[in-house]
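**Q** The opening residue of the sequence shown carries number 1 in our numbering; numbering runs sequentially from there.
Keep in mind the hints are simulated off the structure, nothing from the lab. Even glycine gets a Cβ: it sits at the ideal position worked out from N, Cα and C. Don't take each hint at face value.
Said to hold, decoys possible - Straight-line Cα separation of at most 30 Å, DSBU-like style, residue types lysine-lysine; simulated pairs:
| id | residue 1 | residue 2 |
| --- | --- | --- |
| 1 | Lys-6 | Lys-29 |
| 2 | Lys-758 | Lys-72 |
| 3 | Lys-360 | Lys-615 |
| 4 | Lys-264 | Lys-253 |
| 5 | Lys-887 | Lys-786 |
| 6 | Lys-163 | Lys-306 |
| 7 | Lys-15 | Lys-615 |
| 8 | Lys-191 | Lys-412 |
| 9 | Lys-253 | Lys-217 |
| 10 | Lys-737 | Lys-10 |
| 11 | Lys-728 | Lys-618 |
| 12 | Lys-264 | Lys-228 |
| 13 | Lys-538 | Lys-502 |
| 14 | Lys-343 | Lys-191 |
| 15 | Lys-502 | Lys-606 |
| 16 | Lys-553 | Lys-90 |
| 17 | Lys-651 | Lys-401 |
| 18 | Lys-343 | Lys-178 |
| 19 | Lys-538 | Lys-401 |
Said to hold, decoys possible - So the derived label-pair ranges between C-beta atoms look like this:
| id | residue 1 | residue 2 | range |
| --- | --- | --- | --- |
| 20 | Glu-645 | Asn-772 | 38 to 44 Å |
| 21 | Leu-849 | Asn-772 | 56 to 62 Å |
| 22 | Val-807 | Asn-684 | 28 to 34 Å |
| 23 | Val-188 | Glu-448 | 41 to 47 Å |
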Amino acid sequence: MELASKYDPKEVEAKWYQYWLDNKLFSSKPDGREPYTIVIPPPNVTGVLHMGHMLNNTIQDILVRRARMEGKNACWVPGTDHASIATEAKVVKKLASEGIKKHDLTREQFLEHAWDWTHEHGGIILKQLRRLGASCDWDRTAFTMDEKRSESVIKVFVDLYNKGLIYRGLRMVNWDPKALTALSTEEVIYKEEQSHLFHLKYYVDGLAAIDNEETLKAEGNIIHKDEKGYYAVVATTRPETIMGDTAMCINPKDPKNQWLKGRKVIVPLVNRVIPVIEDRYVDIEFGTGCLKVTPAHDTNDYMLGKTHNLETIDIFNPDGSISDQSPIYVGMDRMDCRKQIAKDLQEAGLMEKIEDYTNKVGYSERNPDTAIEPRLSLQWFLKMQHFADIALPPVLNGEMKFYPQKYVNTYKNWLENIQDWCISRQLWWGHRIPAYYYNNNDDYVVAETRDEALKLAQQKDPKVTDADLRQDEDALDTWFSSWLWPISLFDGINNPGNEEIKYYYPTSDLVTAPDIIFFWVARMIMAGEEYMGTFPFKNVYFTGIVRDKLGRKMSKSLGNSPDPIELIEKFGADGVRMGMMLSAPAGNDILFDESLCEQGRNFNNKIWNAFRLVKGWKVADIKQSEAGKIATSWFEAKLRQTNAEVDDLFKKYRISEALMAVYKLFWDEFSSWYLEMVKPAYVNGEAQPIDKQTYDKTLEFFEILLKMLHPFMPFITEELWQHLYDRKEGESIMRDKLEISAPTAADNTLSAQIESVKQIVSGVRMVRSSKNIAPKEQLELQVVGKNAYAAFDAVVIKMANLKVINVVAEKDATASAFMVGTDEFAVPVGDMIDVEAEIAKMEAQLQHLEGFLAGVKKKLSNERFVANAPEAVVALERKKQSDSEEKIAALKESIAALRGK
Numbered sequence: 001m002e003l004a005s006k007y008d009p010k011e012v013e014a015k016w017y018q019y020w021l022d023n024k025l026f027s028s029k030p031d032g033r034e035p036y037t038i039v040i041p042p043p044n045v046t047g048v049l050h051m052g053h054m055l056n057n058t059i060q061d062i063l064v065r066r067a068r069m070e071g072k073n074a075c076w077v078p079g080t081d082h083a084s085i086a087t088e089a090k091v092v093k094k095l096a097s098e099g100i101k102k103h104d105l106t107r108e109q110f111l112e113h114a115w116d117w118t119h120e121h122g123g124i125i126l127k128q129l130r131r132l133g134a135s136c137d138w139d140r141t142a143f144t145m146d147e148k149r150s151e152s153v154i155k156v157f158v159d160l161y162n163k164g165l166i167y168r169g170l171r172m173v174n175w176d177p178k179a180l181t182a183l184s185t186e187e188v189i190y191k192e193e194q195s196h197l198f199h200l201k202y203y204v205d206g207l208a209a210i211d212n213e214e215t216l217k218a219e220g221n222i223i224h225k226d227e228k229g230y231y232a233v234v235a236t237t238r239p240e241t242i243m244g245d246t247a248m249c250i251n252p253k254d255p256k257n258q259w260l261k262g263r264k265v266i267v268p269l270v271n272r273v274i275p276v277i278e279d280r281y282v283d284i285e286f287g288t289g290c291l292k293v294t295p296a297h298d299t300n301d302y303m304l305g306k307t308h309n310l311e312t313i314d315i316f317n318p319d320g321s322i323s324d325q326s327p328i329y330v331g332m333d334r335m336d337c338r339k340q341i342a343k344d345l346q347e348a349g350l351m352e353k354i355e356d357y358t359n360k361v362g363y364s365e366r367n368p369d370t371a372i373e374p375r376l377s378l379q380w381f382l383k384m385q386h387f388a389d390i391a392l393p394p395v396l397n398g399e400m401k402f403y404p405q406k407y408v409n410t411y412k413n414w415l416e417n418i419q420d421w422c423i424s425r426q427l428w429w430g431h432r433i434p435a436y437y438y439n440n441n442d443d444y445v446v447a448e449t450r451d452e453a454l455k456l457a458q459q460k461d462p463k464v465t466d467a468d469l470r471q472d473e474d475a476l477d478t479w480f481s482s483w484l485w486p487i488s489l490f491d492g493i494n495n496p497g498n499e500e501i502k503y504y505y506p507t508s509d510l511v512t513a514p515d516i517i518f519f520w521v522a523r524m525i526m527a528g529e530e531y532m533g534t535f536p537f538k539n540v541y542f543t544g545i546v547r548d549k550l551g552r553k554m555s556k557s558l559g560n561s562p563d564p565i566e567l568i569e570k571f572g573a574d575g576v577r578m579g580m581m582l583s584a585p586a587g588n589d590i591l592f593d594e595s596l597c598e599q600g601r602n603f604n605n606k607i608w609n610a611f612r613l614v615k616g617w618k619v620a621d622i623k624q625s626e627a628g629k630i631a632t633s634w635f636e637a638k639l640r641q642t643n644a645e646v647d648d649l650f651k652k653y654r655i656s657e658a659l660m661a662v663y664k665l666f667w668d669e670f671s672s673w674y675l676e677m678v679k680p681a682y683v684n685g686e687a688q689p690i691d692k693q694t695y696d697k698t699l700e701f702f703e704i705l706l707k708m709l710h711p712f713m714p715f716i717t718e719e720l721w722q723h724l725y726d727r728k729e730g731e732s733i734m735r736d737k738l739e740i741s742a743p744t745a746a747d748n749t750l751s752a753q754i755e756s757v758k759q760i761v762s763g764v765r766m767v768r769s770s771k772n773i774a775p776k777e778q779l780e781l782q783v784v785g786k787n788a789y790a791a792f793d794a795v796v797i798k799m800a801n802l803k804v805i806n807v808v809a810e811k812d813a814t815a816s817a818f819m820v821g822t823d824e825f826a827v828p829v830g831d832m833i834d835v836e837a838e839i840a841k842m843e844a845q846l847q848h849l850e851g852f853l854a855g856v857k858k859k860l861s862n863e864r865f866v867a868n869a870p871e872a873v874v875a876l877e878r879k880k881q882s883d884s885e886e887k888i889a890a891l892k893e894s895i896a897a898l899r900g901k
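Please build the complete structure, drawing on both the sequences and the hints.
**A** Okay, here's the thing in structure tokens:
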């Protein structure tokens with residue numbers, strides 16, 4: 001195969017990805033090797049590839065490809081999530097565009113549309129991941145609602161119900177009025193908002209006068225009165241809920257509200273008479289200390305209602321409009337009602353005042369523009385304390401590791417304050433709850449199938465027939481399926497102890513975003529401990545959030561999120577992967593800039609051009625050059641050192657730093673130094689041959705470098721690896737084990753020596769640059785005293801283009817000198833420079849230094865400064881004086897030498 005003159009990702013990437021697929025190079029079956037398993041965080045079937053997916057899946061692919069090259073049996077299982085809320089919303093929207101309402105259809109008809117939509121759109125994101133180079137075992141692709149996963153979910157629900165861990169109850173839940181479903185606590189995102197605190201007048205019922213009013217005031221009571229009578233002031237952010245008020249509550253210890261004890265008040269506008277109750281729950285310091293109690297629409301009010309036996313009036317319909325249980329505003333949207341009721345209260349003289357107020361409002365995680373509504377609802381719940389108790393130890397005792405470690409505390413805090421999980425959703429798309437009602441819905445049984453349900457029901461009531469059974473209409477929370485993902489992918493629920501679950505579980509690494517640590521990570525640990533007796537993965541790597549270069553989170557609304565496929569088209573997958581990883585430290589946010597992808601593309605070009613350079617050399621069976629011997633020994637040492645560094649960084653999941661180490665090894669050490677050390681010379685415009693021994697070593701080094709780079713940049717490394725030697729069909733770099741021995745003490749010594757050699761070469765090059773001497777001009781290098789680096793003269797002569805290296809007792813008077821450590825080197829340049837121009841430049845430097853020295857001396861001659869300034873400051877000034885005097889003396893000596901020349 002002939003290598004193109006320029007690297008074209010479009011030609012390379014599609015070709016090799018198809019080659020990998022054709023040769024089943026991503027597939028995995030249990031065998032005798034050590035397994036390395038990753039399960040993909042399943043993207044929603046509604047989704048398309050975004051920058052967060054790019055980052056997450058690039059990291060997973062790096063880890064999987066590296067594991068393959070370590071000789072492990074790597075298995076990366078892909079799949080998608082059915083995403084109940086998001087998918088149902090998409091289908092409802094599509095049907096609406098066709099003039100069809102969801103509830104005009106039967107459940108079965110709606111599900112047909114949902115499956116059609118899923119089949120059409122569900123595979124898009126997985127196909128896009130192929131463009132990135134994701135090396136998933138595609139034959140294992142799973143879906144959270146496919147047959148195996150669905151059976152697993154239902155089996156687990158029934159098992160947990162039979163264990164007494166799942167129950168059905170009337171509870172206050174978080175309600176999404178747009179999706180028309182309950183949400184779990186974790187699906188509510190709290191945002192700080194600039195709101196208002198409305199102070200409303202609740203007139204005291206039947207109170208014309210207070211006999212001991214002055215005494216009460218003297219005791220600290222704050223009594224409100226106007227021409228209409230006595231009233232209490234209630235501060236609320238939600239005046240639209242007053243139609244559901246069934247009590248007003250005060251703290252029995254609150255001195256300012258003692259006068260209200262035992263009385264009744266009238267709900268403004270509604271004119272409902274409600275009792276004043278007492279409870280220490282009320283915060284004396286908040287507002288007026290009077291709390292309106294709306295049991296149907298606030299979690300804490302609901303608890304007060306239960307404690308004090310209050311009536312519950314639900315004034316909201318599921319969609320957030322005012323229900324017919326309210327005497328006013330029926331049918332109006334809750335937010336419109338808030339504006340209208342505030343206006344009406346003011347006009348009726350029932351508003352004491354309105355204050356600006358900052359509060360936190362809960363929004364639906366799936367519908368970010370929709371404020372959730374606390375709602376009393378009959379739902380299914382999972383008791384979580386049991387799961388918290390089994391999921392906390394493996395993380396706290398270090399059996400399972402989090403990277404970064406800071407997320408252990410986040411995890412611990414959540415589990416220690418765990419609440420029961422509301423697992424039912426008022427949706428049709430999803431796993432239907434396996435509960436079956438009979439006897440006018442007063443009784444129910446839970447079973448995996450309808451036949452089993454009938455048998456259970458008949459055990460309780462022999463008269464029950466199949467026609468009497470009605471399955472629960474609700475579906476399970478999507479996370480109730482994905483918490484089983486690492487187990488259900490290997491059929492560990494339906495077929496416990498099977499060959500695959502025993503081999504691949506627990507999985508090795510989980511790569512995920514920290515914002516789903518509660519939704520998913522913690523719950524997978526819970527399910528793993530419950531059903532497998534151990535945690536589901538050994539390590540969890542939390543990625544950061546991809547932000548733009550201004551630090552803003554990427555979003556469609558801001559228009560600051562690039563299309564990943566367009567980036568791949570522009571820079572190539574390897575370029576984009578590298579661009580992402582160069583700025584992706586674990587757990588820290590990524591400030592993404594397209595220029596990082598450009599840097600990645602430039603690196604691809606560097607690798608390509610370096611390969612073409614080496615493959616273009618003529619090779620001869622001649623004696624190895626001295627420079628070649630030194631260079632190959634040094635680069636072998638450098639490979640061992642860098643590989644050990646990269647191994648250590650991977651163990652710490654500092655993947656970005658690992659890439660940077662390999663990047664520097666290739667760009668700085670291999671390209672800038674090694675290739676220059678061994679590159680054949682040109683004589684009379686014709687390239688000379690390189691000795692075969694050095695050339696073979698160079699190809700060997702190139703192969704190792706390609707292997708080290710492969711996990712990060714799979715496409716270009718496969719292309720060049722295939723061109724490096726003759727390969728057989730089906731062979732691939734990803735199956736070529738990377739084996740490098742550990743670095744030795746001798747490696748460290750040699751590397752340190754070569755660093756000094758580089759400084760010598762750089763010193764000569766700096767002299768050339770400062771004196772405008774052409775690179776082709778051969779120079780003499782003088783070593784003053786003793787040449788500690790004589791063993792490396794061949795490299796220095798070649799790299800610095802020297803004619804000779806001489807050891808001298810005293811450097812030439814016209815030489816430009818530099819230091820490497822404690823050794824002095826000099827380059828005589830007298831015949832190669834414009835003497836007058838050089839003298840003029842030195843005299844300008846001299847004048848500047850003499851002025852600087854005069855200022856320092858003036859400061860040191862000031863007795864007050866020397867006496868009062870800190871000792872360190874005075875010492876610094878004295879050092880400036882001595883340094884300046886040394887430089888001035890050296891400049892004067894050089895000027896004198898040039899003038900005497």
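**Q** Hint by hint, say whether it matches the structure.
**A** Hints versus structure:
no.: 1; hint: Lys-6 with Lys-29; in the structure: 39 Å, violated
no.: 2; hint: Lys-758 with Lys-72; in the structure: 39 Å, violated
no.: 3; hint: Lys-360 with Lys-615; in the structure: 65 Å, violated
no.: 4; hint: Lys-264 with Lys-253; in the structure: 19 Å, holds
no.: 5; hint: Lys-887 with Lys-786; in the structure: 24 Å, holds
no.: 6; hint: Lys-163 with Lys-306; in the structure: 28 Å, holds
no.: 7; hint: Lys-15 with Lys-615; in the structure: 22 Å, holds
no.: 8; hint: Lys-191 with Lys-412; in the structure: 23 Å, holds
no.: 9; hint: Lys-253 with Lys-217; in the structure: 16 Å, holds
no.: 10; hint: Lys-737 with Lys-10; in the structure: 27 Å, holds
no.: 11; hint: Lys-728 with Lys-618; in the structure: 25 Å, holds
no.: 12; hint: Lys-264 with Lys-228; in the structure: 16 Å, holds
no.: 13; hint: Lys-538 with Lys-502; in the structure: 15 Å, holds
no.: 14; hint: Lys-343 with Lys-191; in the structure: 26 Å, holds
no.: 15; hint: Lys-502 with Lys-606; in the structure: 45 Å, violated
no.: 16; hint: Lys-553 with Lys-90; in the structure: 24 Å, holds
no.: 17; hint: Lys-651 with Lys-401; in the structure: 11 Å, holds
no.: 18; hint: Lys-343 with Lys-178; in the structure: 26 Å, holds
no.: 19; hint: Lys-538 with Lys-401; in the structure: 6 Å, holds
no.: 20; hint: Glu-645 with Asn-772: 38 to 44 Å; in the structure: 39 Å, holds
no.: 21; hint: Leu-849 with Asn-772: 56 to 62 Å; in the structure: 23 Å, violated
no.: 22; hint: Val-807 with Asn-684: 28 to 34 Å; in the structure: 32 Å, holds
no.: 23; hint: Val-188 with Glu-448: 41 to 47 Å; in the structure: 32 Å, violated
In summary, the numbered hints that this structure violates are 1, 2, 3, 15, 21 and 23.
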